[in-house]
Amino acid sequence: MKTTLITVAGLLFGTAALADGHTPVLTVYAPDYFGSEWGPGPSIEAAFEERCDCDLQYQTGDLLPRLLLEGTRTEADVAIGFNSDITKRARDSGLFAPHGLDLSPLTLPIDWDDDTFLPFNYGHTAFIYDNTKLDGFDSFEALLNAPDDVRIVIQDPRSSISGLALVLWVQAVYGDEAEAAWLRFAPKIVTVTQGWSESYGLFTDGEADVVLSYTTSPAYHIIAEEDLTKSAAIFDEGHYFMVELAAKLATTDQPELADEFMAFILTEDFQTMIPTTNWSFPAALPMDQWPEGFQDLPMPETVLFYTEDEAAALRDRAIEAWRSALSQ
Amino acid sequence: MAQRVVAIIAALVVAGLVTGPVTAVVWRGGGFTALSAADLSALRFTVWQASWSALISVGLAVPVASALARRSFWGRSALISVMGAPFILPVIVAILGLLSVFGGNGFVNLVLEPLGVPKLDIYGAHGVILAHVFFNLPLAVRLILQGWLSIPSERFRVAASLNAPVFWLLEWPMLRRIAPGAFAVIFVICIGSFAVALTLGGGPRATTVELAIYQAFKFDFDLSKAASLAVVQLCLGLGAGLIALLLARGDMLGAGFDRVVQRWDGSKMLDATWIGLATLFLLAPLMAIFIAGLSGLADLQNGIWGAAMRSLLTSLGAVVLTMALALPLVTKAGEAASLLGLSVSGLVLGTGMFLIVQPYVRPSSVALPVTMMVNVLMALPFVLRILRPSVESARGDFGRLGRSLGLRGWALWRIVYLPRLRRPMGFAAGLTGALAMGDLGVITLFSRPGEGTLPMAMYQLMGAYQMEAAYGAALLLVGLSLGLFWAFDKGGRGHAVV
Chain U
23 MKTTLITVAG
33 LLFGTAALAD
43 GHTPVLTVYA
53 PDYFGSEWGP
63 GPSIEAAFEE
73 RCDCDLQYQT
83 GDLLPRLLLE
93 GTRTEADVAI
103 GFNSDITKRA
113 RDSGLFAPHG
123 LDLSPLTLPI
133 DWDDDTFLPF
143 NYGHTAFIYD
153 NTKLDGFDSF
163 EALLNAPDDV
173 RIVIQDPRSS
183 ISGLALVLWV
193 QAVYGDEAEA
203 AWLRFAPKIV
213 TVTQGWSESY
223 GLFTDGEADV
233 VLSYTTSPAY
243 HIIAEEDLTK
253 SAAIFDEGHY
263 FMVELAAKLA
273 TTDQPELADE
283 FMAFILTEDF
293 QTMIPTTNWS
303 FPAALPMDQW
313 PEGFQDLPMP
323 ETVLFYTEDE
333 AAALRDRAIE
343 AWRSALSQ
Chain H
8 MAQRVVAIIA
18 ALVVAGLVTG
28 PVTAVVWRGG
38 GFTALSAADL
48 SALRFTVWQA
58 SWSALISVGL
68 AVPVASALAR
78 RSFWGRSALI
88 SVMGAPFILP
98 VIVAILGLLS
108 VFGGNGFVNL
118 VLEPLGVPKL
128 DIYGAHGVIL
138 AHVFFNLPLA
148 VRLILQGWLS
158 IPSERFRVAA
168 SLNAPVFWLL
178 EWPMLRRIAP
188 GAFAVIFVIC
198 IGSFAVALTL
208 GGGPRATTVE
218 LAIYQAFKFD
228 FDLSKAASLA
238 VVQLCLGLGA
248 GLIALLLARG
258 DMLGAGFDRV
268 VQRWDGSKML
278 DATWIGLATL
288 FLLAPLMAIF
298 IAGLSGLADL
308 QNGIWGAAMR
318 SLLTSLGAVV
328 LTMALALPLV
338 TKAGEAASLL
348 GLSVSGLVLG
358 TGMFLIVQPY
368 VRPSSVALPV
378 TMMVNVLMAL
388 PFVLRILRPS
398 VESARGDFGR
408 LGRSLGLRGW
418 ALWRIVYLPR
428 LRRPMGFAAG
438 LTGALAMGDL
448 GVITLFSRPG
458 EGTLPMAMYQ
468 LMGAYQMEAA
478 YGAALLLVGL
488 SLGLFWAFDK
498 GGRGHAVV
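Just so you know, the protein sequences line up as chains U and H, in that order.
Going by my numbering, the first residue of the first sequence is number 23, and it counts up by one from there.
Going by my numbering, the first residue of the second sequence is number 8, and it counts up by one from there.
FYI, nobody ran anything at the bench for these hints, they're computed from the structure.
Since this is a predicted model, take the numbers as computed values, not measurements.
Idealized CB from N, CA, C, for every residue including glycine.
Be aware that a few hints might be false.
[What the hints assert, rightly or not] Once the Cα atoms are required to be at most 25 Å apart in a straight line, the calculated PhoX-like pairs of lysine-lysine come out as:
id, chain 1, residue 1, chain 2, residue 2
1, U, K155, H, K126
2, U, K110, U, K155
3, U, K110, H, K126
4, H, K225, U, K210
[As the list claims (entries may be wrong)] Going by beta-carbon spacing under 8 Å, a handful of chain H positions derived as facing chain U:
id, residue
5, S107
6, G111
7, V115
8, N116
9, Q222
10, K225
11, L362
12, V364
13, P426
14, R427
15, P456
16, Y466
17, M469
18, Y472
The whole structure should be built from the sequences, with the hints applied where relevant.
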């Protein structure tokens, strides 16, 4: 009975840090998907612990809101999983310290010289379709000109980071004409979902023909399911660039370990784990070292990207163009 | 006297658990913010859809419950249990289930297409209401069915022998007593709707207050805005609760011998039609979920069992706590206070609790207890709504007799009230357990890997492209929720007919 109670208590209240007091603990804040057993977290943890003689512990949840709530009292040493469209807010908080790393190993399609936020993987927004049912679209114009019975599902820019990337993408392609573009787009949009998962579920269930996702999405179907029917439509106008970032907390009580982890991000060990655990492109790995399914993915020729200042300035306008067109 | 003290303490606990976290968020946000034009239109849409959803749910529940109360047939009790399932489904699962029936390539359109009927388009305000009715019709049916079963069988016998109008004499007073409360609870649930409204509403036209809160919190980190909107939500919920309490009049129908009800009125055909339609509407999407999940069960990995175990324990804990808080609160004021917990935004509640515990403990180490507390707060209004009519009847019918026999305190409860409350308590406990099981809730705000709940695991699987396995997890979740619900509900029913 007693042991049951202890087990129950353990399950309910969580098994607090098992570290024996000698092993230093590196606390890494990450989004929920990252730390879950189906995400990249566990293999990264195992690989880092092998080289650091430390205990890496994730705390998962909404990264930025949580860090802003905790402020300087945060226990986090490193935070991983920021998106570049919201880093302005993060930077302005003053919670983060420069990483001090040489950025030459980066293999991003854009120049990156941020001294605080370090990219670990990237992708581009893209519309995914079933290539046995549709011919695909070679430009945003072609998609907007598609018949209205093509059913498209997207994410809400007010609740989803990929939804936000889409409105910035439309803004980048159409500029002042963004609202007019959204008006042409609207009849094809079956619905807007809270997050990416709901949209992708609707797509795989056949409720939508086209879904807003990433250029890397087909890789999952090719590698994990040997399913070649999902393709990303590559647009002439270019694709919006989405990069995920990590940063060291200024308040860390394990500065050496945090630096070591930040440096680890750029290593081959870390980078080779990214493609098939996070289903995105590694940020610092030459293409010839990518897994097979990734090397063959069609890549956009033009990459569209707003810096965090531009994104912050354009955000409200881009969301309003979307909202007003889709509300009509 | 002692009972009063316990009641006051329980009410203070509930009020504190809601107002404390909200105050923490307001304080941290530095006060309130004026609402924008977009917020006001979200508010209008929220109230509009919640009113219609609640009205239609209750309106449809009356004939269905009436039919179920009149008829007895093989499998009736199992049907009543399973029909309750939509209420406890995780939102995303319910949406996918509904779409496999009513969606563009759904079952309904597959049938309609060869007939040349234009395609049914689910997306729009009607889709939002349809989904909310799907979620809440089961609750409304059960609440109203309980009202029917509280009418003593002797009354029906007398009415039948006198050829008196059963509806106006017996059923209408009962409905006047029960229906406003059912409306209020469902209205408050629909006020908090977010993902359902957005997905089935087809886009930003269907923006609710909860989405505005989400945006304020996650993207703008504007706690003041989030708190202001949460307070507006609270007021809406409380307002609905108070109006319902004022409207809920109607006489008690007196005591009976607790005999099985036999009925001689009503049209068999009509009753069968209502039961059939409701069953089809509620069970077809469930069947779709079942079929989609079956193949995914094999894809589930070992980690899922830990998550299932944590979910089960959390929901059992929530049942015990909810019942302990509910019994002293079974009063008009208690029920109104409990609506606070349901109408406040879960996100704001969770954030507030985070702010409160953070200086003392690592928030992730209390993720499950906090989730449990939030589930208790959310379940209380349902539990009180279920218990109160029965407690009042028992009090009105047997209270004086009991007291005159010298029964008081615990003895009065044990001998007189509890046996009469067994059925509603079983139902209430089952509902609490199942609700807690399916709640994704605040745990996503602060947790540690390997300590998540089953709904969380399901979302993680979806996020990792593993849709099949996610459907498997959903099926497991629905199975466990229903099992828990059935076990409590059955235990409460004992040998009774419902």
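Index of numbered hints that the structure contradicts, given in increasing order: Failing hints, ascending: 2, 3, 4, 7, 8, 12, 13 and 14.
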